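**Q** Residue-level listing of the chains:
Protein chains: 2
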Amino acid sequence: MTVSEDGAVELAPSECRTLIAGGDFGRLAIRSSDGVDIFPVNFVMHDDALYFRSGPGSKMVDLTSDPRVAFEVDERSDTSAWSVVVHGHAMRLNSDADIEASTVLALRAWDPSDKFNYVRLEIDTITGRRVRLPERKVDRVS
Amino acid sequence: MTVSEDGAVELAPSECRTLIAGGDFGRLAIRSSDGVDIFPVNFVMHDDALYFRSGPGSKMVDLTSDPRVAFEVDERSDTSAWSVVVHGHAMRLNSDADIEASTVLALRAWDPSDKFNYVRLEIDTITGRRVRLPERKVDRVS
Chain A
1 MTVSEDGAVE
11 LAPSECRTLI
21 AGGDFGRLAI
31 RSSDGVDIFP
41 VNFVMHDDAL
51 YFRSGPGSKM
61 VDLTSDPRVA
71 FEVDERSDTS
81 AWSVVVHGHA
91 MRLNSDADIE
101 ASTVLALRAW
111 DPSDKFNYVR
121 LEIDTITGRR
131 VRLPERKVDR
141 VS
Chain B
1 MTVSEDGAVE
11 LAPSECRTLI
21 AGGDFGRLAI
31 RSSDGVDIFP
41 VNFVMHDDAL
51 YFRSGPGSKM
61 VDLTSDPRVA
71 FEVDERSDTS
81 AWSVVVHGHA
91 MRLNSDADIE
101 ASTVLALRAW
111 DPSDKFNYVR
121 LEIDTITGRR
131 VRLPERKVDR
141 VS
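For the record, the sequence lines run as chains A and B. So the first sequence is residues 1 to 142, counted in full-length UniProt numbering. So the second sequence is residues 1 to 142, counted in full-length UniProt numbering.
Everything labelled a hint here was simulated from the structure, so no lab data went into it. Each hint should be verified, as a subset may be incorrect.
Claimed, not checked - A few chain A residues that don't get close to chain B, going by computed Cβ distances all over 12 Å: (1) P13; (2) T64; (3) D78; (4) M91; (5) R92; (6) L93; (7) N94; (8) S95; (9) D96; (10) A97; (11) D98; (12) I99; (13) E100; (14) R120.
Unchecked claim - Simulated coverage check for chain A against chain B, where a stretch passes if three residues somewhere in it have a Cβ under 8 Å from a Cβ of chain B: (15) 25-33; (16) 37-46; (17) 66-76; (18) 80-89.
Claimed, not checked - Short, incomplete list of chain B residues facing chain A, as computed with Cβ under 7 Å: (19) R31; (20) G35; (21) V36; (22) D37; (23) I38; (24) P40; (25) R68; (26) A70; (27) E72; (28) D74; (29) V85; (30) N94.
Since we're looking at a predicted model, the values are computed, not measured. The C-beta atom is built at its ideal place from N, Cα and C for all residues, glycine as well.
Please construct the entire structure, taking both the sequences and the accompanying hints into account.
**A** Encoded structure:
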């Protein structure tokens, strides 16, 4: 569907947190050695931080050299859509106690490789918007 | 829903192009002055390039200083999900002829500001995966 600019509403940080806490799938954007990269990831929110299992090995290397990340979650119904974007810092969890406390162990990784790396994303800022949707396109390619 | 690592399939570039050509909403990741940023955007695919109307003014500034971007589109059904990631270079369209030929004028921007900037993303690489989905979680955090 195409998202209209009509009726866009900025969401309060508290509402953004509620929305993202109800999600479990988002897109992680990081600086990479040759520009920028983006990965689909499953996640959990716990104690106001986001947790995920890392994907390809290169992702962990890039996070170590530059931990600044952006993370996006969105959801669409027939009549509206919202998108929440988190800016924050990612760090690898090295302690078994931290990993267990995060509840991240219940997650399955999108990517099967490198599945024993667990990452915490600490939220610096969280913003979001909700938009009304126009009529669904009927001529889309599928 | 949580995406399982079981049954993940790498998609051929031709299939990735077909999938992304059928989409109209994705997430654009760019290097920003203070790290990385990610934006939800509507897009069209035309002549093997992606076109979108730019959002906030800061996005255009960042694209001018570093045109390397990543762009992700995904879709989920009850039983499977796919995600396609494009790495490429973004450039502003300055010619009315280029803008009209791109078909981007039919798009509405996610963000109402700065709506007269049109951007072409030329594809350097395109990758994607399809995964089978496990049963939907019933105990999701909300």
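**Q** Hints first: check each against the structure and report whether it holds.
**A** Quick rundown of the hints versus the structure:
Non-interface call for A:P13 relative to chain B: holds, since the shortest CB-CB distance, roughly 17 Å, exceeds 12 Å. Listed as a non-interface residue, A:T64 keeps its Cβ farther than 12 Å from every Cβ of chain B; the least gap is roughly 15 Å. Interface exclusion of A:D78 from chain B stands, the closest Cβ pair being 14 Å apart, more than 12 Å. Annotated as non-interface, A:M91 keeps its C-beta farther than 12 Å from every C-beta of chain B; the closest such distance is 14 Å.
Interface exclusion of A:R92 from chain B stands, the closest Cβ pair being 18 Å apart, more than 12 Å. The non-interface label for A:L93 is consistent with chain B: the shortest C-beta to C-beta separation is roughly 19 Å, beyond 12 Å. No Cβ of chain B approaches the Cβ of A:N94 within 12 Å, the least distance being about 22 Å, so the stated non-interface status holds. The claim that A:S95 lies off the interface holds: its Cβ sits roughly 22 Å from the closest Cβ of chain B, which is beyond the 12 Å cut-off.
At roughly 22 Å from the closest C-beta of chain B, the C-beta of A:D96 stays outside 12 Å, upholding its exclusion from the interface. Every beta carbon of chain B lies more than 12 Å from that of A:A97, the smallest distance being close to 21 Å; the non-interface claim holds. The claim that A:D98 is not at the interface with chain B holds, since no C-beta of that chain comes within 12 Å of its own (minimum 19 Å). With 12 Å as the threshold on Cβ separation, the claim that A:I99 sits away from chain B holds: the shortest Cβ distance comes to roughly 18 Å.
Listed as outside the interface, A:E100 is consistent with that label: its C-beta sits roughly 17 Å from the nearest C-beta of chain B, beyond the 12 Å cut-off. With a cut of 12 Å on Cβ distances, A:R120 stays outside the contact zone with chain B, its closest approach being about 16 Å. With 5 residues carrying a beta carbon less than 8 Å from a beta carbon of chain B, the region 25-33 of chain A meets the three-residue requirement, and the given coverage holds. By the rule of at least three residues with a Cβ nearer than 8 Å to a Cβ of chain B, the coverage given for the region 37-46 of chain A holds, with 7 such residues.
Note: the region 66-76 of chain A has 8 residues with beta-carbon separation from chain B under 8 Å; the three-residue rule is met and the coverage holds. With a cut-off of 8 Å between beta carbons, the region 80-89 of chain A has 3 residues touching chain B; three or more are needed, and the interface restraint holds. Evaluation of the B:R31 hint against chain A yields a held restraint, the C-beta minimum of about 5 Å falling below 7 Å. Evaluation of the B:G35 hint against chain A yields a held restraint, the C-beta minimum of about 3 Å falling below 7 Å.
Interface hint status for B:V36: upheld, as the beta-carbon distance to the closest one in chain A is roughly 5 Å, under 7 Å. Taking 7 Å as the C-beta cut-off, the interface hint given for B:D37 holds, the closest approach to chain A being about 5 Å. Interface hint status for B:I38: upheld, as the beta-carbon distance to the closest one in chain A is roughly 4 Å, under 7 Å. With its C-beta approaching chain A no nearer than about 4 Å, B:P40 sits inside the 7 Å limit, and its interface hint holds.
Hint on B:R68 holds. Least Cβ distance to chain A is approximately 3 Å, under the 7 Å limit. The interface hint given for B:A70 is met, as the beta carbon of that residue sits about 4 Å from the closest beta carbon of chain A, less than 7 Å. The restraint placing B:E72 at the interface with chain A holds, with a minimum CB-CB distance near 5 Å, inside the 7 Å limit. A distance limit of 7 Å between C-beta atoms decides the matter here; for B:D74 the minimum to chain A is near 6 Å, and the interface restraint holds.
Using the Cβ-Cβ criterion of 7 Å, the hint placing B:V85 at the interface with chain A is satisfied: the shortest such distance is roughly 6 Å. About 22 Å separates the beta-carbon of B:N94 from the nearest beta-carbon of chain A, more than 7 Å, and the hint is not met.
Checked against the numbered hints above, the structure violates only hint 30.
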